[in-house]
Amino acid sequence: MATSSIRKNFVVYGDEQAKIFANAIEESANHAAPEIKVDVKKISGSKELRALMIKRKKTNA
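Read in our numbering, the sequence shown has 381 at position 49, and its numbers run on one by one without any break.
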């Protein structure tokens with residue numbers, strides 16, 4: 333998750349909560365999210381776009 337998407341303020345009370353929070357931050361830094369490969373096809377032209385939208389409509393119907 334991008335850090336710029338975190339928009340809330342929060343308060344950590346007490347030593348135990350501070351330790352839990354620090355451990356959670358360390359764990360998240362040690363376990364990076366796996367890379368997701370995406371197959372991409374470039375659409376060039378209105379005919380290809382129409383075909384894609386028809387396929388999408390059939391899939392979501």
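These are computed hints drawn from the structure, not numbers from a lab.
Keep in mind that the hints are not guaranteed to be accurate.
Claimed, not checked - Taking lysine to any residue pairs in the SDA-like style, the calculated list, with each CA pair at most 25 Å apart, reads:
#1 Lys387 with Ala361
#2 Lys340 with Ala350
#3 Lys340 with Asn355
#4 Lys374 with Ile386
#5 Lys369 with Ala350
#6 Lys389 with Val370
Claimed, not checked - Label pairs and their in silico Cβ distance ranges:
#7 Glu380 with Lys340: 51 to 61 Å
#8 Ala393 with Asp347: 21 to 31 Å
#9 Ala365 with Arg388: 26 to 36 Å
#10 Ile357 with Lys379: 16 to 26 Å
#11 Gly377 with Gln349: 49 to 59 Å
C-beta: ideal position from N, C-alpha, C; glycine also.
Here is what the structure says about each hint:
| no. | hint | verdict |
| --- | --- | --- |
| 1 | Lys387 with Ala361 | 40 Å, violated |
| 2 | Lys340 with Ala350 | 17 Å, holds |
| 3 | Lys340 with Asn355 | 20 Å, holds |
| 4 | Lys374 with Ile386 | 17 Å, holds |
| 5 | Lys369 with Ala350 | 36 Å, violated |
| 6 | Lys389 with Val370 | 21 Å, holds |
| 7 | Glu380 with Lys340: 51 to 61 Å | 43 Å, violated |
| 8 | Ala393 with Asp347: 21 to 31 Å | 56 Å, violated |
| 9 | Ala365 with Arg388: 26 to 36 Å | 27 Å, holds |
| 10 | Ile357 with Lys379: 16 to 26 Å | 51 Å, violated |
| 11 | Gly377 with Gln349: 49 to 59 Å | 57 Å, holds |
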